[in-house]
Amino acid sequence: MAEVTLQDVVKKYGTFKVVHEVNLNIAAGEFVVLVGPSGCGKSTTLRMIAGLENISAGTIRIGDKVVNDVPPKDRDIAMVFQNYALYQHMTVFDNLAFGLRNRKVPETEITSAVTRATQMLGLEPLLARKPFQLSGGQQQRVALGRCIVRRPQVFLFDEPLSNLDAKLRAQMRIEIKALRERVPTTSVYVTHDQVEAMTLGDRVVVMKDGWIQQIGTPLQIYNRPANRFVASFIGAPAMNFMKVELVEELGVMSAQAEDFKVELPLEQAAVLRKHGAKMVILGIRPEHIRFGIPSDNSGSSFSGVVTVTEQLGSEQVIALNVADSTMMASRISPETEVSPHASVQMWVDAKTLQFFDDKTEMAIR
Amino acid sequence: MIALALHALRRAIFAISIAAIFVVFVGPIAILGVTSIRPASGVFYIWRGTNFTFNNFVEVLHQSQVVEAMWNSFVLSTSATILSLGITVGSGYMLSRFGGWIQRSWFATIYIFRTVPYISWVLPLYLVNTRLGIYDTYVGLLLPHIAVHVCFFSWLMKGFFDGINPSMEYAALIDGCTRWGAFYRVALPAAMPGIAALAILCWLSTWNEFLFALILSGKRTPLITSTMAQFVTETGTEWNLMSATAVLAMMPALLVTIFGQKYVIRGLRM
Amino acid sequence: MTARSTKFGVDEKERFMLFLIAPAGIVLVCFEIIPILIGMNASFREWSLVNPQRTWVGPKQYIAVFTDPVFLKMVLPNTFVLMILSVGVSLALGLALASLLNRPFFGRAIMRTIILLPLTIAPVITATMMRWSFNDQFGVITIFLSYLGLPDVAWLSDRWPSFALVIMTDIWIWTPWFTIILLAAMQGLPPEPFEAARIDAATPWCIFRRVTLPMLRPVIIVCVLIRAIDAFRTFDQVWILTGGGPARSTEVFSVYAYVLAFVDLDIGRAAAAAGIGALIMLFVGVGLYRLVNRSMEVSR
Chain A
1 MAEVTLQDVV
11 KKYGTFKVVH
21 EVNLNIAAGE
31 FVVLVGPSGC
41 GKSTTLRMIA
51 GLENISAGTI
61 RIGDKVVNDV
71 PPKDRDIAMV
81 FQNYALYQHM
91 TVFDNLAFGL
101 RNRKVPETEI
111 TSAVTRATQM
121 LGLEPLLARK
131 PFQLSGGQQQ
141 RVALGRCIVR
151 RPQVFLFDEP
161 LSNLDAKLRA
171 QMRIEIKALR
181 ERVPTTSVYV
191 THDQVEAMTL
201 GDRVVVMKDG
211 WIQQIGTPLQ
221 IYNRPANRFV
231 ASFIGAPAMN
241 FMKVELVEEL
251 GVMSAQAEDF
261 KVELPLEQAA
271 VLRKHGAKMV
281 ILGIRPEHIR
291 FGIPSDNSGS
301 SFSGVVTVTE
311 QLGSEQVIAL
321 NVADSTMMAS
331 RISPETEVSP
341 HASVQMWVDA
351 KTLQFFDDKT
361 EMAIR
Chain P
1 MIALALHALR
11 RAIFAISIAA
21 IFVVFVGPIA
31 ILGVTSIRPA
41 SGVFYIWRGT
51 NFTFNNFVEV
61 LHQSQVVEAM
71 WNSFVLSTSA
81 TILSLGITVG
91 SGYMLSRFGG
101 WIQRSWFATI
111 YIFRTVPYIS
121 WVLPLYLVNT
131 RLGIYDTYVG
141 LLLPHIAVHV
151 CFFSWLMKGF
161 FDGINPSMEY
171 AALIDGCTRW
181 GAFYRVALPA
191 AMPGIAALAI
201 LCWLSTWNEF
211 LFALILSGKR
221 TPLITSTMAQ
231 FVTETGTEWN
241 LMSATAVLAM
251 MPALLVTIFG
261 QKYVIRGLRM
Chain D
1 MTARSTKFGV
11 DEKERFMLFL
21 IAPAGIVLVC
31 FEIIPILIGM
41 NASFREWSLV
51 NPQRTWVGPK
61 QYIAVFTDPV
71 FLKMVLPNTF
81 VLMILSVGVS
91 LALGLALASL
101 LNRPFFGRAI
111 MRTIILLPLT
121 IAPVITATMM
131 RWSFNDQFGV
141 ITIFLSYLGL
151 PDVAWLSDRW
161 PSFALVIMTD
171 IWIWTPWFTI
181 ILLAAMQGLP
191 PEPFEAARID
201 AATPWCIFRR
211 VTLPMLRPVI
221 IVCVLIRAID
231 AFRTFDQVWI
241 LTGGGPARST
251 EVFSVYAYVL
261 AFVDLDIGRA
271 AAAAGIGALI
281 MLFVGVGLYR
291 LVNRSMEVSR
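Quick note, the sequences are listed as chains A, P and D, same order.
Residues in the first sequence are numbered from 1 upward in steps of one, following the UniProt record's numbering.
Residues in the second sequence are numbered from 1 upward in steps of one, following the UniProt record's numbering.
Residues in the third sequence are numbered from 1 upward in steps of one, following the UniProt record's numbering.
Fair warning: there could be bad hints in the mix.
For lysine to aspartate or glutamate, the following DMTMM-like pairs were computed, each having C-alpha atoms within a straight-line distance of at most 20 Å [as the list claims (entries may be wrong)]:
id, chain 1, residue 1, chain 2, residue 2
1, A, K12, A, D209
2, D, K13, A, D74
3, A, K208, A, D193
4, A, K104, A, E124
5, D, K13, P, E238
6, A, K12, D, D11
7, D, K13, A, D193
8, A, K12, D, E12
9, A, K12, D, E14
10, D, K13, A, E53
Think of the hints as simulated: they come from the structure by calculation, not from any bench.
Using the sequences and the accompanying hints, generate a full structural model.
What follows is the structure in structure tokens.
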């Protein structure tokens with residue numbers, strides 16, 4: 001296990017910068033997930049750590065060693081690829097043994113390492129097969145096995161589950177999580193899937209257009225997004241946004257739009273007052289928009305018109321038209337009976353609201 | 001009723017066109033084949049008479065030049081295939097996997113020299129070979145037969161590697177391979193089916209090659225195509241013997257077509 | 001992998017790239033590029049094999065070639081007529097055959113094998129058997145045609161029948177090539193557009209014109225490019241079938257250069273002719289490449 005440090009790492013293609021001054025410290029044994037939409041630079045960052053792309057500026061350290069100019073084979077890393085990247089002409093056993101043989105490990109040790117890994121992943125019956133005889137899930141399991149037999153300093157995962165179907169993906173996610181407990185290793189995991197990011201990462205790095213947007217634990221990212229992009233990218237259905245005006249009447253601040261008004265608690269009002277802007281963007285998570293009328297005085301209610309309902313069994317997502325034109329999603333109990341075009345009463349707890357600057361879109365804290 | 005008749009008519013037209021294609025492509029070969037097993041007296045009007053003989057083949061195979069030419073062509077085709085593929089596989093890999101000015105200029109070079117008509121460089125090559133004293137030798141024949149494949153094969157090899165996902169090689173780089181190791185131990189085995197197909201086509205095209213044989217080979221190292229051409233253009237009347245020679249020269253092509261069809265088609269499609 | 005450059009300005013990755021192309025590059029330089037240069041040198045000299053004085057005569061040989069009526073009236077038109085007709089007709093027939101074979105029927109496997117034969121058999125052999133089959137007196141096909149009541153044609157004695165035979169032979173060889181490639185391409189096409197067209201009640205001809213052809217376009221363009229370049233240097237069939245005759249009337253470019261060098265033994269003049277051919281092909285090749293690139297972009 002080793003720590004991985006990225007310091008002002010830049011990647012340029014010609015004059016076009018695809019990764020901007022990335023700074024990231026990954027502790028030994030930590031599992032960090034890089035997440036973002038396609039083209040955000042997350043895969044490039046991972047490939048720079050692997051040494052598959054050279055870096056245009058900055059420093060990458062694995063352990064104490066600067067690896068800027070070290071070829072991938074000498075970085076002591078292992079990588080799982082989206083399309084598994086198994087050696088098509090070798091059996092599963094040879095695939096697993098390939099890296100060890102390259103490092104001149106004695107054959108007896110190779111056998112025992114491969115056996116250990118195959119037991120862990122349940123691959124024993126497949127050892128003599130070739131990759132094309134395996135299912136997608138099995139191939140990805142072999143790819144994982146290829147990593148763990150080597151016992152490298154760092155695991156790198158490049159969207160390893162995105163070629164699998166939804167059910168298998170959920171299953172493999174759990175296996176990767178279980179594997180972490182058994183083979184604790186510093187890991188960097190790239191994905192565009194926020195569920196993987198939330199469930200696997202000790203820390204999550206959200207990227208966009210080559211810039212890091214936020215680094216934090218999954219809960220920090222979810223509950224206290226640094227900006228509007230992070231808030232909208234993490235969470236499904238996405239956070240609702242609405243442009244509101246801040247109005248103070250008799251010392252009470254409220255966020256208002258047409259047919260919409262929420263009174264804000266004192267601490268939040270203080271933060272917003274300090275920020276100064278009159279027009280801000282209000283963000284509400286769908287689960288915080290509740291159906292009906294608050295039982296006590298803890299929330300503000302407003303009305304909306306239901307446009308679509310999506311019954312999921314465990315929950316129900318409804319799309320609302322609020323304040324004339326703003327669409328909002330709300331997560332409510334599956335038992336609640338609502339029908340399209342119905343006018344409904346909803347309420348929010350003001351403590352759950354997030355505010356973002358209208359121009360910079362940064363969270364107001 | 002009309003629909004049924006139309007349907008039958010369509011089927012008939014289809015069957016007739018298939019039969020016509022069959023006749024067009026098999027006819028000339030069949031004429032050659034039949035001529036090769038007719039005695040000299042039965043060559044004209046080959047469909048008359050029933051006397052068939054294998055003497056033509058026996059006679060042809062007793063001519064040392066024909067046997068020698070077939071052997072030379074065999075050696076030349078085999079070695080040219082191995083060497084052509086050997087030197088173009090790296091070139092194709094480079095074209096497929098890398099970018100930048102080196103790749104672009106090499107690609108342009110290959111394209112431009114592919115367009116140069118063979119005669120334009122084989123003619124002066126005749127002068128070079130005579131000067132170097134390798135005219136009409138294996139070496140003097142082999143190297144041009146490799147050079148002729150450099151451009152096109154690099155292009156085809158690029159196609160093979162384009163069809164292989166490069167992440168296998170990335171995995172190999174991480175698994176402890178050098179760049180060469182990733183190419184040689186991982187990418188190359190994966191490209192093998194394509195390369196095998198190309199090997200068959202390369203062997204055949206060298207066996208069938210005529211212009212180089214005509215210009216660069218002589219009495220010492222005769223090749224099968226130039227020997228055949230000599231029969232046709234110089235002696236020109238013993239059609240039974242000529243056909244027998246042609247049938248012998250055609251054997252590799254027939255064998256490959258029947259048994260290696262899959263590879264030929266795969267090679268052509270690239 | 002490293003960003004460091006050596007003093008030559010070539011980093012480790014570029015060294016590997018050069019290493020990969022080195023063998024091919026060396027062979028190309030020694031056995032193609034250097035001969036071309038030698039040929040260019042020879043083309044400016046009075047250089048005959050029987051009397052090798054090699055005096056420098058400037059562009060005289062090029063002028064001689066360009067004022068040679070055989071080159072202007074026979075060789076150039078023949079070469080391009082062969083190129084256009086052979087490529088055009090083989091493409092059309094190839095498309096037709098591929099559509100015909102692109103459906104299951106009894107004996108399809110055998111048909112596929114049979115159309116491979118012209119491609120695997122040496123053009124020299126093909127030309128030999130065509131020459132025999134179309135022999136003026138005893139050729140089976142000649143006799144069969146007159147049996148059908150068609151007028152007798154002395155196939156190899158007059159210019160146009162001879163040249164027609166050359167072109168037919170070339171088409172016989174290359175139609176299967178187009179067929180195989182186009183058939184493979186047709187089988188690789190996604191089925192959805194065809195299903196959609198059938199639901200839209202398109203006729204088979206309409207489907208072929210509006211769906212199949214546009215989707216095959218990139219393949220067709222590349223095939224035509226490759227074939228056009230190769231058709232220019234056709235030699236084997238012409239040499240065996242007619243030897244350029246009668247009276248040099250079926251000579252094409254490669255035959256013309258060959259005859260100058262090895263029959264007339266005039267190396268200087270032959271080198272000039274070869275050089276002219278190479279230059280023509282350079283322009284044709286670059287032009288075609290541009291055209292291909294542009295039409296590929298359009299179809300994308």
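| Pairwise hint evaluation, E238 of chain P against K13 of chain D, where the allowed Cα distance is 20 Å at most | Violated. K13 of chain D to E238 of chain P sits at ~61 Å, over the 20 Å cutoff.
| said: Holds or violated: K12 of chain A and D11 of chain D, Cα atoms, limit 20 Å. | reply: 17 Å, holds
| Within 20 Å, alpha carbon to alpha carbon, are K208 of chain A and D193 of chain A? | 14 Å, holds
| Does the structure keep K12 of chain A and E14 of chain D at a Cα separation of 20 Å or less? | Holds, at roughly 18 Å.
| Would the pair K12 of chain A and E12 of chain D pass a check requiring their Cα atoms to be no farther apart than 20 Å? | OK: K12 of chain A and E12 of chain D at ~19 Å, within 20 Å.
| Within a Cα-Cα threshold of 20 Å, do K13 of chain D and D74 of chain A meet the stated pairing? | 16 Å, holds
| said: Just to be careful, I want the Cα atoms of K12 of chain A and D209 of chain A compared with a cutoff of 20 Å; is the pair within it? | reply: Distance ~13 Å between K12 of chain A and D209 of chain A Cα, so the pair holds.
| task | Measure nothing beyond the straight line between the CA atoms of K104 of chain A and E124 of chain A; if it is 20 Å or shorter, mark the hint as holding. | result | 24 Å, violated
| field | Hint consistency between K13 of chain D and D193 of chain A [alpha-carbon to alpha-carbon, up to 20 Å] | value | Measuring from Cα to Cα gives roughly 34 Å; hence the hint is violated.
| said: Would the hint linking K13 of chain D and E53 of chain A be met if the CA-CA limit is 20 Å? | reply: With a Cα-Cα distance of about 11 Å, the restraint between K13 of chain D and E53 of chain A holds, given a limit of 20 Å.
In the structure shown, a violation is registered for the earlier hints numbered 4, 5, 7, in ascending order.
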